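Take a look at the letters that make up each chain.
There are 2 protein chains.
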Amino acid sequence: MPHIPLDENLPGITGLLNYRQDTALPIRQLTQILLRGESTLTPGERELIATVTSQGNQCRFCTAAHSAAADAWYGDRLTTEMVKTDLVNAPVSEKMKSLLEIARRVQADARTVSTELVEKARQQGATDMEIHDTVLIAALFCLYNKYVDGLASVTPDEPEFYDRLAGILKNKGYLPSPDRYASLNETK
Amino acid sequence: MPHIPLDENLPGITGLLNYRQDTALPIRQLTQILLRGESTLTPGERELIATVTSQGNQCRFCTAAHSAAADAWYGDRLTTEMVKTDLVNAPVSEKMKSLLEIARRVQADARTVSTELVEKARQQGATDMEIHDTVLIAALFCLYNKYVDGLASVTPDEPEFYDRLAGILKNKGYLPSPDRYASLNETK
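So the sequence lines, in the order shown, correspond to chains A and B. Start counting the first sequence at -5; every next residue gets the next number (the working numbering). Start counting the second sequence at -5; every next residue gets the next number (the working numbering).
It should be emphasised that the hints constitute simulated quantities derived from the structure, not laboratory data. No experiment lies behind these values; they were computed from the predicted model shown. Mixed in with the good hints there might be a few duds.
[As the list claims (entries may be wrong)] Incomplete in silico selection of chain B near chain A, CB under 7 Å:
hint, residue
1, P(-4)
2, I(-2)
3, D122
4, L130
C-beta atoms are modelled at their ideal positions from N, C-alpha and C, and glycine is treated no differently.
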């Protein structure tokens, strides 16, 4: 049960963003810029950064939500699954492997992002802005993970819930929108 | 040395917020609402939440900056020092001690914020919104700490630097402002 009264039709982060909408707006805007704004990283690649960060924080809600979002962009479930369980052999570029390793270190202890690792990413083609954005996306998802779990928001068990949420994120993005979550709890 | 090219006159978070200003704006807006907006917690109390979070993440820049900011609001250095080193005996309310303990758990592992601890805070007078804001401020400062250290931004050694920065934060708040950091590097 959540530590504060949240709309029970809005599990995970959705109820929190609804609870205090004035703080939700800049969080949503920052997410929209970083995950959907102009970038040399694809939306799918950026969802993978969100996913490995959430996985590192063991935030079940965010890990499931952003795995499903990455799956929606990649059009398969294998890529995200491999990134989470066997990064070395995952079907992503060597540059992405280095950026995902940077994200994991940001999550665990940001002071361990070494010059060597950044240099390796750069040799694999990463730009300064890609390195910057990887760190900031990982930092932002630490905020989300801690917000969601620190207030004990509800984590649905059904995989179908996260696929519906991922559809909303893929089609509508992260900014507020009318009837945003109308389809969230619909069952077949 | 920072992992990406930052203005060397803008150490710590200041250079990062200058590097990518479109993402900086919502971060600044969120901080202004949470730390300076309408609240039943004082600005000094909210700076203490930022401080213990940064201390937990061992982010030297943010810990020094927000310790100095809390000092500026409290008008002494003892309160913050005691909060950081001996919370039980610190000269803050019992409610604040519980909220600061919640912030520390959000930083360390947000899943450890227990119903018992939240209930204790509530019995000491904490409202739902104060509990919400404590968690979100701690989550936001995890973002800041990881942004600052994940990109290896510069951490000045001189305490006077942080007092100058704290003066800017106390007088101007967190939103962008003209010549915001003009006095940051001035020496007597």
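Hints and how they fare:
1. P(-4): 10 Å, violated
2. I(-2): With a minimum Cβ separation of about 4 Å from chain A (threshold 7 Å), the hint on B/I(-2) holds.
3. D122: With Cβ-Cβ at 4 Å, under 7 Å, it holds.
4. L130: Where the cut-off is 7 Å and the nearest Cβ of chain A is about 6 Å from B/L130, the hint holds.
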